[in-house]
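> Protein chains in written order, with this note's numbering: chain A, 163 to 510; chain B, 163 to 510; chain C, 163 to 510; chain D, 163 to 510.
These are calculated hints, taken from the structure and not from any lab test.
Each hint should be verified, as a subset may be incorrect.
Just so you know, same-sequence chains aren't split out, so a pair can sit in one copy or run between any two.
What the hints assert, rightly or not - Listed below are the simulated SDA-like cross-link pairs for lysine to any residue, each with C-alpha atoms no more than 25 Å apart in a straight line:
| hint | residue 1 | residue 2 |
| --- | --- | --- |
| 1 | Lys171 | Val208 |
| 2 | Lys171 | Pro198 |
| 3 | Lys171 | Glu222 |
| 4 | Lys214 | Asp352 |
| 5 | Lys171 | Arg434 |
| 6 | Lys214 | Pro443 |
| 7 | Lys506 | Thr446 |
| 8 | Lys171 | Pro204 |
| 9 | Lys506 | His475 |
Number of protein chains: 4
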Amino acid sequence: MLIDSTYPKSFASDNHAGVHPAVLEAMTAANHGDAPAYGDDPWTAVFERQIKDTFGTGAEGFAVLNGAGANMVGLALMLGRYDAIICADTAHIATHETGATERLLGVKLVTVPTEGGKLRPHDITGRLSALGSHHESQPRVVSISQVTELGTCYSPDEIAALAETAHNSGLLLHVDGARLANAAAYLSCDLSTITTDVGVDVFSFGGTKNGALAAEAVVVLDSSLTHAVPFLRRQSLQLSSKMRFISAQLSALLTDDLWRRNAGHANHMADRLAAGLTGVPGVTITYPVQSNAVFATLPAEAAAALQERYLFHQWDEAAGIVRWMTAFDTTPEHIDDFLTDIRKALSS
Amino acid sequence: MLIDSTYPKSFASDNHAGVHPAVLEAMTAANHGDAPAYGDDPWTAVFERQIKDTFGTGAEGFAVLNGAGANMVGLALMLGRYDAIICADTAHIATHETGATERLLGVKLVTVPTEGGKLRPHDITGRLSALGSHHESQPRVVSISQVTELGTCYSPDEIAALAETAHNSGLLLHVDGARLANAAAYLSCDLSTITTDVGVDVFSFGGTKNGALAAEAVVVLDSSLTHAVPFLRRQSLQLSSKMRFISAQLSALLTDDLWRRNAGHANHMADRLAAGLTGVPGVTITYPVQSNAVFATLPAEAAAALQERYLFHQWDEAAGIVRWMTAFDTTPEHIDDFLTDIRKALSS
Amino acid sequence: MLIDSTYPKSFASDNHAGVHPAVLEAMTAANHGDAPAYGDDPWTAVFERQIKDTFGTGAEGFAVLNGAGANMVGLALMLGRYDAIICADTAHIATHETGATERLLGVKLVTVPTEGGKLRPHDITGRLSALGSHHESQPRVVSISQVTELGTCYSPDEIAALAETAHNSGLLLHVDGARLANAAAYLSCDLSTITTDVGVDVFSFGGTKNGALAAEAVVVLDSSLTHAVPFLRRQSLQLSSKMRFISAQLSALLTDDLWRRNAGHANHMADRLAAGLTGVPGVTITYPVQSNAVFATLPAEAAAALQERYLFHQWDEAAGIVRWMTAFDTTPEHIDDFLTDIRKALSS
Amino acid sequence: MLIDSTYPKSFASDNHAGVHPAVLEAMTAANHGDAPAYGDDPWTAVFERQIKDTFGTGAEGFAVLNGAGANMVGLALMLGRYDAIICADTAHIATHETGATERLLGVKLVTVPTEGGKLRPHDITGRLSALGSHHESQPRVVSISQVTELGTCYSPDEIAALAETAHNSGLLLHVDGARLANAAAYLSCDLSTITTDVGVDVFSFGGTKNGALAAEAVVVLDSSLTHAVPFLRRQSLQLSSKMRFISAQLSALLTDDLWRRNAGHANHMADRLAAGLTGVPGVTITYPVQSNAVFATLPAEAAAALQERYLFHQWDEAAGIVRWMTAFDTTPEHIDDFLTDIRKALSS
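Excised from the complex, chain A in its bound form (with noise of 0.2 Å):
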């Protein structure tokens, strides 16, 4: 059967990018034999100590199917039934994911405006009013994105200060780590640096951005909330039967730092693309670019002939906001072929 693939390198998403060659080839090297089923299984062992090397003794990896199945674990653990999380209103699971906060958590999320989608400590400070008042949900968790949905990066300093207010007033502090690959390559330290060293409890690590098929790790860093991982894994459906292809997949990319190759190669396209940007007349970059996404305003009728070939989303459309993204496969000539469209298309 024969299958039309030719579609333009496509700059909506890196999950629009396949899946690393050496992730495929360390699937295809687990699939040998049998093995124990949900986790009991070499590749999956291995994949636990990777996440300990990586992240620390005290960090215990689990892994799971997607980035909002991530983020579900993650923050079932740390939430009762009354409890809120505290996030930016751009945040992905705000926005993103289906209410899947609501429907299955049950929770509040306590949505706060913010600048190129990074919460301040004073955001978390001025939203604690609710707590002891039995009128309204309890703040309980601070959640935020690293990478931000805008494409921004939290310093570590950034996130230690979050950290420290959210742990003064009893709240813990998540973060979505989707791009957190993409962050530590951006701000050229370890992975650890902005979860481990900096008070994060719990967070995600995202592999299928970042070269995997679908693959992402939830990691706890607060051990008196291990022991619940497992039920809720299983239960928020997030439990792969035959696991090890889904750990052999994290363990490629925490094998000789694949994920800093992969996440610093798109970052420096992404960089490409707005040093190419520069001084082009019509355009203008909307937020740092501290990852693989480029935000950009565009006259909407350069961005529609843009559309007629490449795929991005309109990230604003009122605004005239478009945002693209590269992936670890985005090439060099992919983004100078993008650059002399968007010329193109901005001068006629």
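Dock chains B, C and D against the given chain A, drawing on the hints supplied.
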């Protein structure tokens, strides 16, 4: 890094097996360039057409990530806030999904003791007295497993009778088809013969236990219910971003009836095992062998001796019942070696 | 046993007031012999007829126990698993029901900043971009409060415009009518003028703040939704076994327009308070006084001095806004004494 | 308006009775001036002190609105997201609360067939095999009904044995005490003898079936659980704004042991009914009469004839079992007239 994966052939579960080569090949072939995420790709289009080819033009297929996910999405379509599901007390949704039915759907399971895991029409009619009483959950769905959790199969007539009974009282019929392929192989019938043709409303078609890596389909035959699936699939954490790799797995199984060859082979291996046990003193087959499972009673010491070398489940420790499962990759030699060891264990 | 109940007149809430004598009398009169439980009694039949007399023959009324319960039962009728409610960010369901909407209904609240607590049609149309996207909760209900949480009232035309806007996009209109009586009294109109006649689908009619002990009605104007109410009311813990005593309360309020006399009196007392504040230096009325609430800004020291003697809420401590509520039993003397003390507090 | 309320004395339920005069009097007395809402009033303070006087200083009482509400609030305290409740298959929470346990709490009910409605320690130990398996809901609470739904009572020793068994495996013991008063009256013991003294962790103390209008208490004996009650009560729609009138009801029942007089009288009326049936041909008492319920088998025609004149429930139509309940206001004459009519119905 070295991984010791020299496990003996497992009889614990068909999900201890790996991935069928044709499935892995299809996934590898799908790793070609970019593709839109979340199902808007050509591999998914092929899968969707194959579902219609297999189950009729009124059928709509939706790929998901695991069996519990397929059940929860399929059931969510049919159930309101105060509804109940009538099912066998051995049903997977009632026993092995960590209460996902209760937590994710919020509905009651009305569980029925059965012989051989199969519901009968009078099991439905005998549990409808709650209808109309606002103090009681309202039966709305009858859910059966085909193959059942005890390895038995419903005949097409038996399913038709359940569907008629359910529909006569305004209930819908759901089938947990994690091993639907094994049933069709055992019954030597089309997949549609035990679904579309006999009044089933919504069912799952399992891939994972039949040689896939992680892929199941929710199939909806009642067109009034299809609109909700994408929303419920996304919210239930069952939507894969790189969907082409999920669709490709199901597609491979649906191509040239690979599903039937895999399931038929596994069934034959179970038959070979059962046949080899005939007349062996100390072992008794518990349920009719109608799929890839053999349930048997065995002295506790013999079972223990076997478990030193083989993986399999004590199904009912009190009753001394064990479960032995075969898979697409179980060989006659595996069976014959196992039979030899069973006889040895029983004779010592 | 002696209980010291010599509280000063409270301006904190209309639920600090007791029960109107006619309501208590009706409850006492209902305490006569046996009656079937759960609503199958003659008092409930009378209440149900009164609802039809008041809101039209298409209206069905269901008595419940409190305002949050009335909201949850009414909203549950209209909302599926992946739906969202558009409401003002001051809405009681969003701020003061401990996240019941999220936990009991599992749906998302899309909260809108407003002036004076009132939604406008463009607030609806501006929040419909999620419709059809399976990554986002689907707006399904617009919920407004009449009287709003800021004491303001929607005119019939304003509600009609909201209903039309909602219906045009397939959404339904819900009214939290905890103080519906105060709105009708303020607008000098029938209760049906701001509900049945202007396209409302489901609303609550509050009794407790209007002189009842604990009684609210869920009123359903969309006949396709009535079937579910008894089940959802029971499941939501809002069904009273000795229902006659709940129905009798609502019945008393609906007899000879007691609801209007109670609400009208409370409104007049708020008017008297507002009028008495005119020209008093240091105090400014914050929102139009259109019911039984007066919001005002006041120097913090004056507010603190007053709170030593009077119960009332600091509505917005940062902004220095206080809320003063009147009730059916507030007297002109209460108001005049309070005014004297306000002036005193302000002048010292 | 005329209401025809000349019903015959009902034997259908103790909630067909009205309100005890002393309760109504206490409510009327509480209707005096203003009082802070939501429990910060002197009547509630008295109620809270009475709970401590009755159940010990470690007991904390929280007034709620109905029995299902008391169960849901009490159980919510103890149950996480993947937990299960072990209870009799006749338990009210399992059969007559419209699936509130599943929808509001999201947990599984593990229902046990019993003799006479009473759980035994081996019913607990026989259902703990799921503990530790992440594929299964985790038993966390044992819930019993005292009086049971079949009118029988647990002795203090029986409860102590259940508590010990539960605690030994890390489970908690909950009692649905909708008719706890009837049990203490039957057992001639203090209320604390069957709760505080025998290891119960959380229970409800029912007022409504004992002469209140609508009032139940959730009583928490495990101090680690009390913090959550106000939040869960509010969120579960069980908090009354004019709380003084709920507290006053419970307070009246707890004053001078009115609860015991009411329950004892109802029990005696059931005894009188049972005694009068002794030796009457055609009627057989089904369960030991240990409270205010008499279950009996009766020919279908006789039952039908009686139901033309009397309200009562067919408990098990197939088995021909009926349930006759007495109340605080059932008189010896009611019983004797009923006995006469039963004999007539049986003889014709």
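> Taking the hints in turn, state whether each one holds.
Here is how each hint holds up against the structure:
1. Lys171 x Val208: Between copies only: 22 Å across chains, 34 Å inside a chain, cut-off 25 Å.
2. Lys171 x Pro198: between (39 Å within a copy, 10 Å between copies)
3. Lys171 x Glu222: neither (37 Å within a copy, 30 Å between copies)
4. Lys214 x Asp352: Within. Shortest intra-copy distance 13 Å satisfies the 25 Å Cα cut-off; inter-copy 49 Å does not.
5. Lys171 x Arg434: Result: close within a single copy only, 16 Å intra versus 52 Å inter.
6. Lys214 x Pro443: neither (49 Å within a copy, 51 Å between copies)
7. Lys506 x Thr446: within (16 Å within a copy, 59 Å between copies)
8. Lys171 x Pro204: This pair counts as between: shortest inter-copy Cα distance 16 Å, intra-copy 37 Å.
9. Lys506 x His475: For lysine 506 and histidine 475, the Cα distance is within 25 Å only inside one copy (19 Å; across copies 61 Å).
Against the hints set out earlier in the document, violations occur for numbers 3, 6.
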